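Asks: These protein sequence lines are chains A and B, in that order.
My numbering puts the first sequence at residues 39 to 300.
My numbering puts the second sequence at residues 17 to 238.
Hint data in this document are derived by calculation from the structure and do not stem from the laboratory.
Please read these numbers as outputs of a predicted model, since none were measured by experiment.
C-beta atoms are modelled at their ideal positions from N, C-alpha and C, and glycine is treated no differently.
Heads up, some of the hints might be wrong.
Output of the computed footprint for chain A on chain B, the stretches with three or more beta carbons under 8 Å from beta carbons of chain A [to be verified]:
| no. | stretch |
| --- | --- |
| 1 | 139-151 |
| 2 | 177-191 |
List of simulated lysine to any residue pairs, SDA-like, C-alpha gap at most 25 Å [said to hold, decoys possible]:
| no. | chain 1 | residue 1 | chain 2 | residue 2 |
| --- | --- | --- | --- | --- |
| 3 | A | Lys232 | B | Ala216 |
| 4 | A | Lys232 | B | Val219 |
| 5 | A | Lys232 | B | Leu181 |
| 6 | A | Lys232 | B | Ser180 |
| 7 | A | Lys232 | B | Gly204 |
| 8 | A | Lys232 | B | Leu78 |
| 9 | A | Lys232 | B | Glu238 |
| 10 | A | Lys232 | B | Ile129 |
| 11 | A | Lys232 | B | Met212 |
| 12 | A | Lys232 | B | Glu208 |
| 13 | A | Lys232 | B | Leu218 |
| 14 | A | Lys232 | B | Leu205 |
| 15 | A | Lys232 | B | Met67 |
| 16 | A | Lys232 | B | Leu184 |
| 17 | A | Lys232 | B | Leu220 |
| 18 | A | Lys232 | B | Gly206 |
| 19 | A | Lys232 | B | Leu224 |
| 20 | A | Lys232 | B | Gly70 |
| 21 | A | Lys232 | B | Val74 |
| 22 | A | Lys232 | B | Ala202 |
| 23 | A | Lys232 | B | Ser209 |
| 24 | A | Lys232 | B | Ala203 |
Computed Cβ-Cβ distance ranges for the label pairs, DEER-style [what the hints assert, rightly or not]:
| no. | chain 1 | residue 1 | chain 2 | residue 2 | range |
| --- | --- | --- | --- | --- | --- |
| 25 | B | Met212 | A | Lys170 | 34 to 42 Å |
| 26 | A | Gly73 | B | Leu93 | 43 to 51 Å |
| 27 | B | Val148 | A | Asp204 | 42 to 50 Å |
| 28 | A | Ala201 | B | Arg234 | 18 to 26 Å |
| 29 | A | Trp176 | B | Met212 | 32 to 40 Å |
| 30 | A | Leu296 | B | Glu105 | 43 to 51 Å |
| 31 | B | Arg234 | A | Leu283 | 51 to 59 Å |
| 32 | B | Gly215 | A | Trp177 | 27 to 35 Å |
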Amino acid sequence: MSLAEKALTGKLPFRMGTINWFKYSSPQTFFPLAGKMIPLFAVAALLLCGAGLYIGFFVAPTDATQGESYRIIFIHVPAAWMSMFIYLVMAFWAGLGLVLNTRLSSMMATALAPTGAMFTFLALWTGSLWGKPTWGTWWVWDARLTSELILLFLYLGFMALQAAIDDPRRADKAGAVLAMVGAVNIPIIYFSVKWWNTLHQGASVSLTSSPSMAKTMLLGMLIMALGFWMYSIAVVLSRVRCVILERERHTEWVGQYLGAKR
Amino acid sequence: MIRILGCVLRRDLVLAYRRRSDVLTTLFFFVIVVSLFPLGVGPEPNLLRVMAPGILWVAALLASMLSLGRMFSMDYLDGTLEQMLLSAEPLGMIVLGKIVAHWLVSGLPLVLIAPVLGLQFDLPQGQLAVLVLSLLIGTPILSLIGSIGAALTLGLRGGGVLVSLLVLPLYIPVLIFGAGSVGAEAAGLGAESHVMLLGAGLVLAAVLAPWATAAGLRISME
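Construct all of the structure, not just a fragment, from the sequences and the given hints.
Replies: So this is what it looks like as structure tokens:
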């Protein structure tokens, strides 16, 4: 038993009250818990996304300046929020895995990366679909677009590094260092791209100074964002279950689980 | 601590001097990439003058990245790196020595040849000076950030391509402020703010990168 595991299962110093907060930090106990949680979050995601899309497409009023094409923001903006947020969550879990040497944290980081990359790609894609009718072009080298593209590169780099390393423990740690270096860099990249943009072409399009939004629009967007949260949790949990099975395949409980399944 | 820095630095420089062709390869790569652009976009002098800082900076980025593989791989293969990790001296200092040696061997020559290439693009004297200054401050940052990528991909299959995927997105701020300083000088805005930001980047990278590289090496070698 490693030192970290001893610290986690022992009484000191992590035990708070009567609840052992670290009970579910072992893959074996987390696996069935994740299995129970996935349907809950999946149903919540389905309901919230359905409600959000309904509000977005049928209830929210037509925009005065952009017509119907603005409705893509109900997918675009929540996806962009998620893409940035998931990177931070990923860096947090990866860092926790590096510091506390807990396997499950690193597995969470591995499981989060594809979902984050998917949302980044979705934000870019819907953004260009929105840009064509509104700005008249598929792509402008706007600060937000460019930083989102760089974020996609960071996700791809993280996944490529983990895929290239055969030893899972080394992959976890190397990925963690890269994710944290990336997290330090994200604000620097964002501001440098912003200043680069203002120097070269001036603010041609500004999203921040748009007129205040109708209440139903904001509501639809927030519900969609919540739905994307639930979706991310459900998908990441099921992916982390796969990662657990793959990495723990030599252990007894996985053998029993798979045997029972068969 | 300073002694180990000087020791590693001297050793790496001697090794580089014994393998001079490696150094020249990086330099010629830089020159060739820069020369390709006029062939690609046409010989229009006004266009080339505007593009010159960006072209030189992107070429410097690529040349610096190309030589990252050499930073640790030789020592990794012959076991020296293992001894360095076992040594009682702080690993961050050893790493810093290797990074400085890498910059002296692959960064400084680019800075020195840049004015000649700038003249080919018909850059005025003021912009030429800013270009050299920005490269002088910026290329050490490339070596510092690149060392993290080199440490993490040590001994991996396809490490060379992988390191570009990891490192190039992190190079972007350096590219923006480096090429931007020359652009700002050309626009009459003055390059001070860009150069100062590059300086801040150098200080930040010099503090954080050796430490992250040392962590990366420990992970790769365990």
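Asks: Are the hints correct? Go through all of them and say.
Replies: Tested hints:
no. : hint                            : verdict
1   : 139-151                         : violated (count 0)
2   : 177-191                         : holds (count 8)
3   : Lys232/A x Ala216/B             : 17 Å, holds
4   : Lys232/A x Val219/B             : 22 Å, holds
5   : Lys232/A x Leu181/B             : 22 Å, holds
6   : Lys232/A x Ser180/B             : 24 Å, holds
7   : Lys232/A x Gly204/B             : 20 Å, holds
8   : Lys232/A x Leu78/B              : 23 Å, holds
9   : Lys232/A x Glu238/B             : 40 Å, violated
10  : Lys232/A x Ile129/B             : 31 Å, violated
11  : Lys232/A x Met212/B             : 17 Å, holds
12  : Lys232/A x Glu208/B             : 18 Å, holds
13  : Lys232/A x Leu218/B             : 20 Å, holds
14  : Lys232/A x Leu205/B             : 17 Å, holds
15  : Lys232/A x Met67/B              : 20 Å, holds
16  : Lys232/A x Leu184/B             : 18 Å, holds
17  : Lys232/A x Leu220/B             : 20 Å, holds
18  : Lys232/A x Gly206/B             : 19 Å, holds
19  : Lys232/A x Leu224/B             : 24 Å, holds
20  : Lys232/A x Gly70/B              : 17 Å, holds
21  : Lys232/A x Val74/B              : 19 Å, holds
22  : Lys232/A x Ala202/B             : 20 Å, holds
23  : Lys232/A x Ser209/B             : 15 Å, holds
24  : Lys232/A x Ala203/B             : 18 Å, holds
25  : Met212/B x Lys170/A: 34 to 42 Å : 39 Å, holds
26  : Gly73/A x Leu93/B: 43 to 51 Å   : 46 Å, holds
27  : Val148/B x Asp204/A: 42 to 50 Å : 44 Å, holds
28  : Ala201/A x Arg234/B: 18 to 26 Å : 21 Å, holds
29  : Trp176/A x Met212/B: 32 to 40 Å : 36 Å, holds
30  : Leu296/A x Glu105/B: 43 to 51 Å : 49 Å, holds
31  : Arg234/B x Leu283/A: 51 to 59 Å : 29 Å, violated
32  : Gly215/B x Trp177/A: 27 to 35 Å : 33 Å, holds
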